[in-house]
Each structure stands twice: as C-alpha cells, then as structure tokens.
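> Given these sequences and hints, build the entire structure.
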Amino acid sequence: MATPTLEKSGKAPEPEAGFADSPYITATFRIRRFNPEVSEDAQWQDFQISIDPKERVLDALHKIKWEVDGTLTFRRSCAHGICGSDAMRINGKNRLACKTLIKDLSPEKPITVEAIKGLTVLKDLVVDMDPFFQAYRDVMPFLITKGNEPTRERLQSAEDRERFDDTTKCILCAACTSSCPVFWNDGQYFGPAAIVNAHRFIFDSRDEGGEQRLEILNDRDGVWRCRTTFNCTDACPRGIEVTKAIQEVKRALITRRF
Amino acid sequence: MSTESTSAIGEVEGVEPPRRYDADHPAPVIEPPRKRTGKTPKGSGTNFEMYAWLFMRLSGIVLVVLVIGHLLIQLVLDGGVSKIGFAFVAGRWASPFWQVWDLTMLWLAMLHGANGLRTVINDYAERDNTRFWLKMLLYTATVFTVLLGTLVIFTFDPNIR
Ligand code: HEM
Ligand code: SF4
Ligand code: FES
Numbered sequence: 001m002a003t004p005t006l007e008k009s010g011k012a013p014e015p016e017a018g019f020a021d022s023p024y025i026t027a028t029f030r031i032r033r034f035n036p037e038v039s040e041d042a043q044w045q046d047f048q049i050s051i052d053p054k055e056r057v058l059d060a061l062h063k064i065k066w067e068v069d070g071t072l073t074f075r076r077s078c079a080h081g082i083c084g085s086d087a088m089r090i091n092g093k094n095r096l097a098c099k100t101l102i103k104d105l106s107p108e109k110p111i112t113v114e115a116i117k118g119l120t121v122l123k124d125l126v127v128d129m130d131p132f133f134q135a136y137r138d139v140m141p142f143l144i145t146k147g148n149e150p151t152r153e154r155l156q157s158a159e160d161r162e163r164f165d166d167t168t169k170c171i172l173c174a175a176c177t178s179s180c181p182v183f184w185n186d187g188q189y190f191g192p193a194a195i196v197n198a199h200r201f202i203f204d205s206r207d208e209g210g211e212q213r214l215e216i217l218n219d220r221d222g223v224w225r226c227r228t229t230f231n232c233t234d235a236c237p238r239g240i241e242v243t244k245a246i247q248e249v250k251r252a253l254i255t256r257r258f
Numbered sequence: 001m002s003t004e005s006t007s008a009i010g011e012v013e014g015v016e017p018p019r020r021y022d023a024d025h026p027a028p029v030i031e032p033p034r035k036r037t038g039k040t041p042k043g044s045g046t047n048f049e050m051y052a053w054l055f056m057r058l059s060g061i062v063l064v065v066l067v068i069g070h071l072l073i074q075l076v077l078d079g080g081v082s083k084i085g086f087a088f089v090a091g092r093w094a095s096p097f098w099q100v101w102d103l104t105m106l107w108l109a110m111l112h113g114a115n116g117l118r119t120v121i122n123d124y125a126e127r128d129n130t131r132f133w134l135k136m137l138l139y140t141a142t143v144f145t146v147l148l149g150t151l152v153i154f155t156f157d158p159n160i161r
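Those sequence lines, one after another, are chains X and Z. With UniProt numbering, letter number 85 in the first sequence gets 85, and the count goes up by one each step, no holes. With UniProt numbering, letter number 74 in the second sequence gets 74, and the count goes up by one each step, no holes.
None of these hints come from the bench; they were simulated from the model. Be careful, since some hints might not be right.
Claimed, not checked - Derived pair list, reagent style DSBU-like, types lysine-lysine, alpha-carbon separation capped at 35 angstroms: (1) X:Lys93 - Z:Lys35; (2) X:Lys63 - X:Lys117; (3) X:Lys65 - Z:Lys35.
If you want it as structure tokens, here you go:
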C-alpha cells in the first residue's frame, strides 16, 4: 500500500514499454493543495502522470488519488456531468472535471486544477457549499400554488413548458456563481445559480409564487447587482444561457412596475 | 512522535517553535468576506436598486450626447483648448441653451458617477463601518459639487472684477 505523502510530487508508473503507438502522454497536473491539518498555507503541487489524453480531468484526478497520493481530496459522484459535484477551476476556467477532456486543455503545458473561488476551501478541491445553497433556498425553488390541489396533474402547454426549459437544466454545480466577480467580492449576492433556479419557477405557468420570488430578487443582493460580465454563461457546463436568464428576470421586474 | 515542544535546551530565544497543526488543531480556513447565511438580512422591500439600475442606463444614453458634444466644443472645434478662457465661458453661459446643457450634464454625470461609485463601494468594502463612511464621504462630495456647480451656473456674472 502506498503511504500518502504531501511533500513530494509523485510519479505514477510509466506505461509498459514497447508500445510505440501508445495513446498515453505524460501530462503535468498542477493542483492547488490545502490541508488545514498540516499547514495553514495552500500550495501548488505538480503531479506527472501518463494518461490517455482522451480521458477526462476526473480520470486524471482518480489516477493521482488512487496511484500516487491518496490524500488528494475532491468531490465527485456521478462522473457523468449530472450530479454537479465536481466543478473546479481548471486552467483558470470553471468546469466539471468529469466533462473536460485532457486533450482539450493543451496538455503539453501543466494543467492547473484548483477549487472554485469565492467559497471557503475546506481541503484541496473541496469547498464549503453552504452559502451557495443558502442563496438557493432563499429564492424558494419549489412549486408554490394557491387554492385546492387538483385531482390530476397540472397541465401545461408545450409552449409554456418551453418558456423556462433552459433553466430546468441546472445541476447546481456552482460553476457559474463561483465564476462571478460580484460574488467573489460580496458573497451576499444571490449569484447566478440562485437566479437561474428562481427563473425556472417564475416563468413556469403552473407556479403562483413568481411575484414573491421577483420581490426577493429585487432586493439589494438580487439581480441588480449583476454586471453582465457573462462569466456565468461561459462557465455553465449545461450550456444554460445564464446571463440571459438574469436579464429576463430584470425585464420581468421592470415591466411589472411600468 | 514529536520532540519539538520539549526541547532539551528549552525555548531558544528568537527562534519560533515550528507551527504544527493536526486533526484536533486544524489551521484556520480562509472565509470569503460577507458570505450568505440564514441570517443575511432581507432587502428593504423598495424598488431603489431597480431605479438606480435604470438610471445608470438612461443617464448613460443622455450622457453620450452631452459629454461628446461638450468635449467637441471644448477641446476640438474652433481652435481647441487654446480658445478656452473667461470670455469663452462667459459667452457660452450667456445663452440659456448652454446653461441648461451644462446643468443637465453636471447633474447627470455627478449622480451617475456617484451611483457608480456607490456600486463599487458596495462591491469592495468588506466591513460595514468602512462601507458606511466611504458612502458618507461620497454623498457629501456629491452634494457639495452638485450644489456648488448649480450655484455657479445660475449666478455666474460675466462683469465680475
Ligand atoms: C458617456 C456616456 C456614459 C455611458 C453610456 C455610461 C454608462 C454606464 C453604465 C450603463 C453603467 C452601469 C454598468 C453596470 O452596472 O454594469 C455605468 C457605470 C458607471 N459609470 Fe458610466 N456612463 C457614461 C459616462 C460616465 C461618466 C461621465 C462618469 C463619471 C462621472 C461615469 C461613471 C461611472 C461609474 C463610476 C460607474 C460604475 C462602474 C462600475 O459599476 O463598475 N460614467 N456607466
Ligand atoms: S446554471 Fe449551470 S453553472 Fe450554474 S449551477 Fe446550474 S448547471 Fe452549474
Ligand atoms: S461527477 Fe457528477 S457532475 Fe461531475
């Protein structure tokens, strides 16, 4: 059993010699390490591994954790881009490690991997997601209706469903919120993800809590803090037009008043 | 096994004992300034932020015309900066049109700039006290400049000596 070490950068076993046309390349992963049980300082650590560039960054992290340094800590669950656990800052851009192919990252240079920004780093790539989910809870992301419950399903036309289709795709990975400079500076801002999930209900024809949610987002920490930086739209691994959703909420607020 | 804390020669002056952290004594984590918690105050329930946002865009549109016109007249047309002098200013302010132009520009640019800086302060000031005093300074400076400018535009006397 390998003893986990933090000090030295480890090397994974080389691929078997003799395969001239091996798909493996040697790539350097420069990972931002932090372990409060060892040091108060975070530091970069390089890991050189040989890996097939058609694999994903998550596979590389697995390889490092399983074969080189067992103390490397990160979140992942589904490994297929749907649970939203493994958003991280890879080569300076927020992405899901499980949806990022190594070959798309110019692996001839070191690939940097660090925790998403604006949230407390607990260990290595794991951050405290509480403030993120607090903002999510604060926009009441559930169906709100008045009156008696119907005896059958609540019907909705295809067009009405289409109206908020984009924002139903969110997996709450926090890639958008933690890419937003306003959120970095002031974590009280609801952030793009909370607004996306409010949008999902505000524009749902079956929901009757839209007015309440709009009022919440009309707040000091709501949509008006958005500076249309578009970092969120660039970051979203689900391809949601996040900035557009925020603008739609702004527009709904304005047209509601005038 | 650790011997650092019970060195045979005791604590050496000027040498810091090595910092040590373990599972029971972890290092402090770095928390972001002002994170959202269940106790984060709810908003004021007014539309102030919405009007401020709209004002930035509407005043911006008007400012494009006013500022570019202003810059052209002051710095480019008719001899550039060299023509600017007491007489030039007096001549322009003799016309109510330029008085209104400059007054509108003064008010819009000041309020626009002040609200922009309010945004910047809200974004960057971390402690509530810092925010409060920076904003007070900003508002004082804004009121002073707007009032002084307005006073000058209306009470300007070309025959002063
Ligand atoms: C010339 C036409 C102008 C236009 C079209 C314009 C437009 C805008 C807009 C739309 C914003 C809001 C940006 C956002 O919320 O993301 C803004 C912000 C701002 N403006 Fe202007 N503006 C103009 C002139 C001025 C002038 C003359 C001043 C200075 C007196 C000024 C100072 C500011 C400041 C300090 C901000 C805040 C910057 C920030 O939010 O990061 N602007 N401007
Ligand atoms: S909007 Fe996109 S980036 Fe933001 S939390 Fe949802 S899936 Fe992640
Ligand atoms: S591990 Fe589930 S989204 Fe990447």
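> Decide, hint by hint, whether the structure agrees.
Status of each hint after checking the structure:
no.: 1; hint: X:Lys93 - Z:Lys35; in the structure: holds (22 angstroms)
no.: 2; hint: X:Lys63 - X:Lys117; in the structure: holds (24 angstroms)
no.: 3; hint: X:Lys65 - Z:Lys35; in the structure: holds (31 angstroms)
Taken one by one, the earlier hints all hold for this structure without exception.
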